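Trainee: Below, each chain spelled out in residue letters.
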Amino acid sequence: MKLGTNAWQRNLFIATFIIPTFLFFCVFTVYPVLQAMYYSLYDWSGSSDNKTFIGLDNFKEMLHDPIIWIGMGNDYFLVAGKIIGIMILATFFAVALTRFKFRLANFFRSIFFIPNVISVVVIGVLWNFIYNPQIGFLNSFLSLFTKDKVDITWLGFTSHTIWMLLPPAIWAGIGFYMILLIAAIQGIPESYYEASSLEGAGQWHQFRHITLPLIWEQMKVSILNIMMTTLNGSFVIVMIMTNGGPDNTTQVMGSYLYQMAFTQYHFGYGAAIGVLILVLSMITTVILQRLMRQETIEIS
Amino acid sequence: MMFKRHLAALSLAALMIVAPLAGCGSKDSSTSTKTEDASSSTTATTTNTDSSSNTTTDDSTKKLTGDFEIQYFVGGYGDKWWKKVIADFKAANPDLNVKESGGPKINDQMKPRWVGGNPPDFVYIDGPNLNDRQMVEDGQLEDLTDWMKDATNIDGTKISDILAQPPQLFDGKVYDIPLVLNSWGVFWDKALFQEKGWEEPKDWQSFLAVSDKIKAAGVTPFIHTGKYPYYINGAILYPAIVSANNNDISILQDMADSKVEAFQQPAVLTALNKIVELRDKGFIDKASIQINHTDSQMLFLQHKDAFIPNGLWLPNEMAKDVPGGFSFGFIPSVTQDSGGKVVANTSTANVAIAKNAKNKEAAKAFLQFIFSEAQASQWAELSGAPSNIKGDISSSSAPSHVKDAARYLTDSNTVVVPSITFNADVDKAMQDATDALTIGKITPEEWVQRVVDVAKKVKK
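Just so you know, the protein sequences line up as chains U and L, in that order. First residue of the first sequence: 0, per numbering that gives the first Met the number 0; consecutive thereafter. First residue of the second sequence: 0, per numbering that gives the first Met the number 0; consecutive thereafter.
No false leads were slipped in.
Mimicking DSS-like on lysine-lysine, the simulated pairs with C-alpha atoms at most 27 Å apart in a straight line are:
#1 LYS427(L) to LYS59(U)
#2 LYS172(L) to LYS50(U)
#3 LYS148(U) to LYS285(L)
#4 LYS456(L) to LYS50(U)
#5 LYS148(U) to LYS195(L)
#6 LYS146(U) to LYS212(L)
#7 LYS214(L) to LYS148(U)
Bear in mind the hints are in silico, worked out from the structure with no lab data behind them. From a predicted model like this one, the values you see are computed outputs, not experimental measurements.
Looking at chain U on its own, in the form it has when it is part of the complex (with noise of 0.2 Å):
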């Protein structure tokens, strides 16, 4: 390695911008993994000075715990119905405002974004306003249409509560999908368009033929990214509206992991909820990919 060269000072230049970088990301988020796997390995308060090894036993224990099963059931039961959800509104509102034409598709693309802008704390805090037996929007609206007055405790279920945060989770993302796939759409040049419309192509045509296969490779990226932040984001959504109740019916793995680790003073067992998450997530990515595994049409 001969200093002064340009090679050399090309890899210096590099380097210093990348190494800072490499740093934090493995002081913030590779070692806070590894402390987590090696936590899951212990019995430990979270508070204590002492800690006990136990091996494997933390994850033992997840195994006859129905409660990781409920909360991986609604995990997954969110990323199904996000995904549904959004892809579906996202697409049909980025077609909408890029095909149809409109005079204030400009106008309704800034109003579809606010929800994204949003913190998830005040969404949640709003819902559950709407949510709200007594004064809540929702039973006030219905309760328009009926005689005697609605008083559903929407968040009070007994087991299908978490249907209800389904909405706001759906309408807190739909924006920042719906921007990604409006980019994608103005990606296709317009003669492939005007070349259908000649032959006689419907809307829905267009869709199918053009618009779908031509976007699929950003409508990959939207459902993995909508299926990694589920997984770990869906934390805060049921702690503010829910709390994990009523009586643990809505708990997600990340809330129940924040229960017992931090609640109960079982760190070791809630970091191993932590690596359990991991593992979900790298899985489900390695099948989803295989699933939605589609030669990119290039356009030529």
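Knowing the structure of chain U, use the given hints to seat chain L on it.
Mentor: Relative to the frame of chain U, chain L by itself:
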């Protein structure tokens, strides 16, 4: 030209390295009421360079020096008393550098310091995510058993003589001292009841009777917070268990010790069936299951519901939202049978000294300072809650519900349940089960089964 480009690029890179480090300084999170915040765990807290421990072993008239740090949670009781008493302590000890760390999230903020073995000297154990039983098990609190035997306050009275409730014993030892004496109970609006001609409840039968009347008048009798089931557990279930157990409180202490036989006593089933009775008669507000404490309290204040299980911090917590003319009526328990004794399920908020405290002398002196009779009235006035210090507060300007509560607590006919901390897992199981019971998902027998299963695991 090339040189200038290189210089620009290198300085940009240097900036990128330095800029994030600036963010590494004290990350100030959102609490509003704290003053000096010691929460930046990356910077080391000031260690004593001069000798902080005074070599003489007299009481607090000697000069205290060095640093002294206090951690206190700010919740329904506010922080007025803390600020006043710390200011008074500072004035009495001008050479002592007193640092106070207080706020609604202080327990979470200070947690890294406790974990890292560098805790504050003095801690007020209250609020979420801080459990004295757990702290004792983790070896974080100083053993005060011997000190308590002879400790006197600044007036010369023995501290153990003026405590209304003695410290909870962990394996026979004392680790924390109760400062605030609170009671769970049921609240109503005296003014509303007078206006509608509803009788104030004295026992279970009168409670059910007046609830029938209330329901007929179109108001829901009872609301609670389903998000935090420990409210209904504390104010209804546990007193009911004691009443059904012939006013013998040892059953609760056995439950706190996670003894399986305690949960299988018939008194527990009797108590659970009272909640079932409330549920089946339609007295419980349907919205309860999904709302939190402030929502339930707001509905109570707006007269949508007549009764609410809560603690004595309620009037203070909702002070800004209480409508004019509202007058808090309070009784520690309604679950006793006709002619039975009132059961006061007390909860205390305790103070303790950290095992790894650096200035234990100052901490002990502070204990002597705050456990004086003058502080009983001062606490009641500034926080709106009864103090654990025995003292006649009837002449103080404490709010009337506090004086009422103090009356119940000192009445010889009241069964006073000393403060009890359950194991965290068992507590959660009981809370989940009560929630499920109130919405009809499980039966009382299943409640017992669930909790017994968890108790068995914990006792192992």
